[in-house]
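**Student:** Listed below, chain by chain, are the residues.
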Amino acid sequence: MGNASFNLAYFGYMLQGAAWTVGLSALGFIGGGILGALVALARISRRTPVRWAASLYIQVIQGIPLLVLMFLCYFGLGLMGYDVPALAAAACAMSVYASAYLGDIWRGCLQAVPRAQWEAAECLGLSPAQRMLCVIVPQALRLATPSTVGFLVQIVKNTSLASVVGFVELVRAGQMVNNTLFEPFAVFSLMAVLYFAMCYPLSRWSYALERRLKTGRRTRLAA
Amino acid sequence: MQYSFDYSSVLEYWPQFLHGAWLTIQLSFGATVLGFALGSLCAAASNSRSRWLPRIVGIYVEVIRNTPLLVQLFLTYFGLSSIGLPMSATVAAMATLVVNVGAYTTEIMRAGMDSVSPGQIEAAECLGLSRLQIYWHVILQPAMERVYPALTSQFVLMMLATSITSQISAEELTAVANLVQSMTYRAFETYMVTAAMYLCLALLMRAGFTLLGLVLFPRRRKLGTPI
Numbered sequence: 001m002g003n004a005s006f007n008l009a010y011f012g013y014m015l016q017g018a019a020w021t022v023g024l025s026a027l028g029f030i031g032g033g034i035l036g037a038l039v040a041l042a043r044i045s046r047r048t049p050v051r052w053a054a055s056l057y058i059q060v061i062q063g064i065p066l067l068v069l070m071f072l073c074y075f076g077l078g079l080m081g082y083d084v085p086a087l088a089a090a091a092c093a094m095s096v097y098a099s100a101y102l103g104d105i106w107r108g109c110l111q112a113v114p115r116a117q118w119e120a121a122e123c124l125g126l127s128p129a130q131r132m133l134c135v136i137v138p139q140a141l142r143l144a145t146p147s148t149v150g151f152l153v154q155i156v157k158n159t160s161l162a163s164v165v166g167f168v169e170l171v172r173a174g175q176m177v178n179n180t181l182f183e184p185f186a187v188f189s190l191m192a193v194l195y196f197a198m199c200y201p202l203s204r205w206s207y208a209l210e211r212r213l214k215t216g217r218r219t220r221l222a223a
Numbered sequence: 224m225q226y227s228f229d230y231s232s233v234l235e236y237w238p239q240f241l242h243g244a245w246l247t248i249q250l251s252f253g254a255t256v257l258g259f260a261l262g263s264l265c266a267a268a269s270n271s272r273s274r275w276l277p278r279i280v281g282i283y284v285e286v287i288r289n290t291p292l293l294v295q296l297f298l299t300y301f302g303l304s305s306i307g308l309p310m311s312a313t314v315a316a317m318a319t320l321v322v323n324v325g326a327y328t329t330e331i332m333r334a335g336m337d338s339v340s341p342g343q344i345e346a347a348e349c350l351g352l353s354r355l356q357i358y359w360h361v362i363l364q365p366a367m368e369r370v371y372p373a374l375t376s377q378f379v380l381m382m383l384a385t386s387i388t389s390q391i392s393a394e395e396l397t398a399v400a401n402l403v404q405s406m407t408y409r410a411f412e413t414y415m416v417t418a419a420m421y422l423c424l425a426l427l428m429r430a431g432f433t434l435l436g437l438v439l440f441p442r443r444r445k446l447g448t449p450i
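Chains R and B, in that order, give the protein sequences.
Note that this note's numbering has the first sequence beginning at 1, numbered continuously upward.
Note that this note's numbering has the second sequence beginning at 224, numbered continuously upward.
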């Protein structure tokens, strides 16, 4: 084989990349969560133009590949005269991408809270903000958890695309290791195993949450 | 911000863009058809009485669904060629997409097949239908009718995901964009054009699937409600 063999140092480097994958996923989820909550609220707004704008946003973002979003964020932020680190561009792209999907999921969950709950809150004289925060959101959260955790798996997997703008997460780290060792099968298999180790527990968790929700109360999940 | 946008230098490359979009369409079409066939077979296998088939399908689905497409592509294209199974980028891209979308289709179709009530199947057995007839008329078609919306959105997502195959140098739309931006140095404009093209493809695909649904499932159209 080549002049170097796979050793702990390489493995450590890939683990470090995996840590950045987790970090970027967290950034994407937080950014996407905040934006997504706004999108979900806008989507059920009483004002028609706001609803349309949110719906257009979702349609557009869901019609563009994340890879292209990555490039757009990377080069777009650069155009505005900032010297963007790859992490910022990737986090920005992940947030925008996640917001469209999370906004759509959460909109479904907000609307799945029975109409009577909204009306009852109104009859009790709660302000719109109180109604949302104290009555609707707590119930919608229960409905939203399984699909949100499920989407987290998508986020973790899709951070792999940040490698194209030069952010050193797991895939990029693996590519660099492969460039020195030239053992693609072993290196990429290890990469797959590491991703699996991150995603599988989340998948199982999402599945378990969904089961609990279904047995706990008969509700149909809109997502 | 002192930057003047210049789309004309990018749009000069429209024949290349169209060429790339054509390969994107071909990849999407192939992966949709073959992936659907694979997924339906696997869904049937996972409902079979055999001891091993459902487990094997389960492992296949979990492994594919919990690893990124990018890694799967690298493993197919670079990994398999290094252990003596070389293939061209387009073939590797197509094979990986089929295997990938097959796993998602399996999950969706299984959900659809589970929703067919056992009474229907028993009734079909009493009427003396063969196993193949039962499978085709009583299980597969109604199952597909129920999961059609989920299935189509999965296929649209897959079309968008074909962009990832540019990373193994399959010359589809995104790869063309990478090439054009390296020649024009107009990266932002190039990717804006690319994004617009993907958006059009996605909208066309959704519209196409809606029309196809109307043709395929006349029952739904006549009732005016999903079953």
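Don't read these hints as lab results, they were simulated from the structure.
Each residue gets a CB set at the ideal place from its N, CA and C atoms; glycine is no exception.
Heads up, some of the hints might be wrong.
[To be verified] The calculated label-pair distances, taken between Cβ atoms and stated as ranges, are:
hint, chain 1, residue 1, chain 2, residue 2, range
1, R, L56, B, L435, 51 to 59 Å
2, R, R51, B, Q364, 33 to 41 Å
3, B, L264, R, S189, 20 to 28 Å
4, B, P309, R, P114, 55 to 63 Å
5, R, Q16, B, L352, 55 to 63 Å
**Student:** Run every hint past the structure and note whether it holds.
**Tutor:** So, going through the hints one by one against the coordinates:
1. R:L56 / B:L435: 51 to 59 Å: violated, 25 Å
2. R:R51 / B:Q364: 33 to 41 Å: holds, 36 Å
3. B:L264 / R:S189: 20 to 28 Å: holds, 26 Å
4. B:P309 / R:P114: 55 to 63 Å: holds, 59 Å
5. R:Q16 / B:L352: 55 to 63 Å: holds, 59 Å
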